[in-house]
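Let the sequences and hints guide you as you build the complete structure.
Protein sequences, first through last, are from chains A and B. Start counting the first sequence at 1; every next residue gets the next number (the numbering used here). Start counting the second sequence at 243; every next residue gets the next number (the numbering used here).
Simulated from the structure, these hints should not be mistaken for lab results. Beta carbons: idealized from backbone N, C-alpha and C, even for Gly. A portion of the hints provided could be inaccurate.
Stated by the list, open to error - Coverage of chain B stretches by chain A, computed from C-beta distances (three or more under 8 Å per stretch; other residues unrestricted):
id, region
1, 256-269
2, 478-491
3, 506-515
What the hints assert, rightly or not - Distance condition first, Cα-Cα at most 27 Å in a straight line; then the derived DSSO-like pairs of lysine-lysine:
id, chain 1, residue 1, chain 2, residue 2
4, B, K467, A, K201
5, A, K156, B, K489
6, B, K467, A, K3
Claimed, not checked - Simulated restraints, written as ranges between beta carbons of each label pair:
id, chain 1, residue 1, chain 2, residue 2, range
7, A, Q172, B, K467, 27 to 37 Å
8, B, E307, A, K87, 49 to 59 Å
9, B, E542, A, T44, 21 to 31 Å
10, A, Q172, B, H404, 26 to 36 Å
11, A, E61, B, K551, 13 to 23 Å
12, B, E410, A, E22, 47 to 57 Å
13, B, E329, A, A72, 46 to 56 Å
14, A, A72, B, E545, 39 to 49 Å
15, B, K384, A, R215, 43 to 53 Å
16, B, R529, A, P103, 49 to 59 Å
17, B, D574, A, P181, 52 to 62 Å
18, B, G523, A, K201, 42 to 52 Å
19, A, I23, B, G264, 21 to 31 Å
So you can see what is in the structure, the chains are spelled out below.
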Amino acid sequence: MYKIPRILPAGDKAVVVEYGNEISEECNKRVLNLYSALKRQDVTGITSIIPTYRSLLIKYEPLKLTVDDLTALIAKSDMSTSVEEFKPKVIEIPVAYGGDFGPDLEFVAEYHNMTPEEVIKIHTGSAYRIYMLGFTMGFAYLGGMSEKIATPRLEKPRTEIPAGSVGIAGSQTGIYPVTSPGGWRLIGKTPVKLYDPHREKPILLEAGNYIKFVRITPDEFHEIEQQVNRNAYEVKTYNYDG
Amino acid sequence: MECFKVINPGLFTSVQDMGRFGYESQGVPVSGAMDEFAFRVANILVGNVENAPVLEITLMGPSLEVLQDTAVAITGAWINPLVNGVERPCWSSFPVRKGETLSFAPVKTGCRAYMAVSGGFDGDVVMGSVSTYTRGSIGGIKGRRLEKGDVLSLKRHTLFTHFFKVNEKYIPHYSAEEEIRIVPGPQHDYFSREVIELFLNSTYTITKDSDRMGYRLDGPAIKAKEKHDIITDGIMPGAVQIPGNGKPIIMLKDAQTTGGYAKIATVISIDLSKLAQLKPGDRIKFRAISVEEAHQLLKEKEEVLNKIKETLVPSRYFDVTVNGRVFNVNIDILK
Chain A
1 MYKIPRILPA GDKAVVVEYG NEISEECNKR VLNLYSALKR QDVTGITSII PTYRSLLIKY
61 EPLKLTVDDL TALIAKSDMS TSVEEFKPKV IEIPVAYGGD FGPDLEFVAE YHNMTPEEVI
121 KIHTGSAYRI YMLGFTMGFA YLGGMSEKIA TPRLEKPRTE IPAGSVGIAG SQTGIYPVTS
181 PGGWRLIGKT PVKLYDPHRE KPILLEAGNY IKFVRITPDE FHEIEQQVNR NAYEVKTYNY
241 DG
Chain B
243 MECFKVINPG LFTSVQDMGR FGYESQGVPV SGAMDEFAFR VANILVGNVE NAPVLEITLM
303 GPSLEVLQDT AVAITGAWIN PLVNGVERPC WSSFPVRKGE TLSFAPVKTG CRAYMAVSGG
363 FDGDVVMGSV STYTRGSIGG IKGRRLEKGD VLSLKRHTLF THFFKVNEKY IPHYSAEEEI
423 RIVPGPQHDY FSREVIELFL NSTYTITKDS DRMGYRLDGP AIKAKEKHDI ITDGIMPGAV
483 QIPGNGKPII MLKDAQTTGG YAKIATVISI DLSKLAQLKP GDRIKFRAIS VEEAHQLLKE
543 KEEVLNKIKE TLVPSRYFDV TVNGRVFNVN IDILK
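See below:
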């Protein structure tokens with residue numbers, strides 16, 4: 001991590017504030033602290049901010065905000081963030097594992113000489129930090145999956161993976177927010193919609209929060225799915241306590 | 243309020259406004275009109291707010307049945323509008339009447355034309371914008387390009403009786419080779435000085451694998467000092483990514499919000515309009531400028547838009563009957 005963040009130009013309407021060249025919680029926390037500090041101030045002339053693992057892309061309107069003022073604002077906000085830190089939450093994602101919900105669960109278990117039960121136990125055993133969102137709408141880059149269940153990608157990617165599928169690729173785990181092609185090993189599926197363009201908050205997840213996978217039965221899956229379709233389901237969230 | 247029925251959708255016609263801002267942190271691309279300058283002028287010509295939804299037409303225009311009297315304007319690519327087969331001027335507003343057919347001649351220069359309608363087009367508003375993002379199936383008409391049989395509606399019905407032309411001196415000319423100005427960075431330090439010189443002194447050709455998401459370029463390969471991959475960070479439309487094979491990719495309005503290739507430079511915002519008018523096979527030369535210069539150019543471009551508004555040439559359209567045949571006559575009113 002750098003002692004002082006680097007501010008780099010990204011054309012005439014954005015700057016990159018880079019805290020380091022590493023994927024670490026420490027670095028990502030500084031990113032998210034600056035992100036929440038700038039969001040709180042709601043600065044005229046800042047049009048969007050994209051926080052990532054170790055940097056922020058800050059888009060601005062040069063006719064409303066000068067680079068000098070923006071740079072000064074970043075420096076000031078960066079220093080003040082240690083006072084009021086980003087307070088992460090845990091979001092529980094219900095997942096039905098195996099069978100049609102997760103056609104590769106058996107493979108993952110065999111690959112590691114485990115039972116499917118053991119794989120599920122490890123997968124639901126810890127909370128995963130959302131480092132950033134990107135790639136497609138609402139796709140979360142998660143950190144912290146156990147190496148014990150790390151599994152290589154499919155040699156031939158599937159052409160269509162249904163939205164809500166939970167997969168493993170190497171030591172990453174994640175959820176497909178929209179139906180798309182993909183090569184991850186699918187171990188389960190959630191009835192929760194991570195992305196719904198017609199919802200007030202179209203994207204459910206937010207960087208800096210944690211997600212915890214909670215096992216549900218196929219019956220519970222269908223029950224929750226119906227509630228989701230009626231807009232009557234609310235995900236369970238609570239404060240993260242480390 | 244229904245105003246057009248799509249007889250033929252053209253090659254790729256979609257509803258666009260300025261774009262979707264504020265959701266990039268959640269993976270949602272900006273989208274929006276590729277040529278912001280032409281887009282804004284189209285709306286000015288029909289008396290709309292500058293961010294009103296328009297049709298973005300790519301290379302081959304649609305054919306539309308007019309369902310009610312209104313006014314339209316076509317800017318951007320030189321793709322002459324035809325009303326019942328009779329030519330109408332580009333960079334001008336003109337009336338269309340119920341029962342007429344609005345179609346387009348083959349494109350002469352440029353790649354993307356903008357069709358504004360008085361009152362603006364209606365469409366699906368998703369996250370504060372009507373812009374169509376086809377990969378995410380959102381915005382516009384069911385999140386996709388126009389299809390035969392679609393009916394387009396007006397957001398607001400307005401009585402528009404004054405028609406205008408843009409003063410000739412402010413109409414851009416499009417060619418098959420353009421100088422595109424860039425600001426180096428954010429990862430130009432991944433490349434040696436010699437390689438950056440090579441990048442700036444070469445001519446690149448836009449390949450067929452190019453769309454609203456990005457233009458892939460062919461030309462001298464640009465090799466990084468060590469590696470091409472970075473830890474994924476944010477992407478700005480205009481970012482020039484250099485993947486492992488060294489062939490630059492310019493990210494555009496539908497680009498993903500984050501990416502893992504080093505970005506040697508970023509195209510300045512006003513030159514994204516120039517890029518939008520280039521087609522596969524057209525050529526690009528890059529020129530590096532400073533952020534300060536880019537901001538100065540942006541201010542000058544805004545002044546041009548103000549000048550356009552101040553110097554609009556009023557024009558009138560009349561139906562004249564000669565020997566029983568009706569002719570549409572367009573007269574410029576000179577001051």
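- CB of A/A72 to CB of B/E545, is that within 39 to 49 Å? Cβ of A/A72 to Cβ of B/E545: about 27 Å, so the range 39 to 49 Å is violated.
- Message: Hinted pair, alpha-carbon criterion (27 Å max): B/K467, A/K3. Please report holds or violated.
- Response: Roughly 25 Å between the alpha carbons, so the hint for B/K467 and A/K3 holds.
- Would you mind confirming whether the straight-line C-alpha gap from A/K156 to B/K489 stays at or under 27 Å? holds (26 Å)
- Query: Between B/R529 and A/P103, does the beta-carbon spacing fit 49 to 59 Å?
  - Reply: holds (53 Å)
- Distance restraint hint 13 to 23 Å, applied to the beta-carbon atoms of A/E61 and B/K551: holds (20 Å)
- Query: B/E307 and A/K87, beta-carbon distance inside 49 to 59 Å?
  - Reply: holds (57 Å)
- Query: Is 42 to 52 Å right for how far apart the beta carbons of B/G523 and A/K201 are?
  - Reply: Once the Cβ atoms are compared, 44 Å apart, the range 42 to 52 Å for A/K201 and B/G523 holds.
- So the hint says 26 to 36 Å: do the beta-carbon atoms of A/Q172 and B/H404 match that? The hinted range 26 to 36 Å is violated for A/Q172 and B/H404, with Cβ atoms some 59 Å apart.
- Query: How does the coverage statement for the region 478-491 of chain B fare against chain A, requiring three or more residues with Cβ below 8 Å from a Cβ of that chain?
  - Reply: holds (count 3)
- Message: Between the region 256-269 of chain B and chain A, are there enough contacts, at least three residues with CB-CB distance under 8 Å, for the coverage claim to hold?
- Response: holds (count 7)
- Query: Within the region 506-515 of chain B, is the number of residues with a Cβ closer than 8 Å to a Cβ of chain A three or more?
  - Reply: holds (count 4)
- Indicate whether the distance between the beta carbons of B/D574 and A/P181 respects the range 52 to 62 Å. holds (54 Å)
This entry does not satisfy hints 4, 10, 14, 15, going by the numbered hints stated previously.
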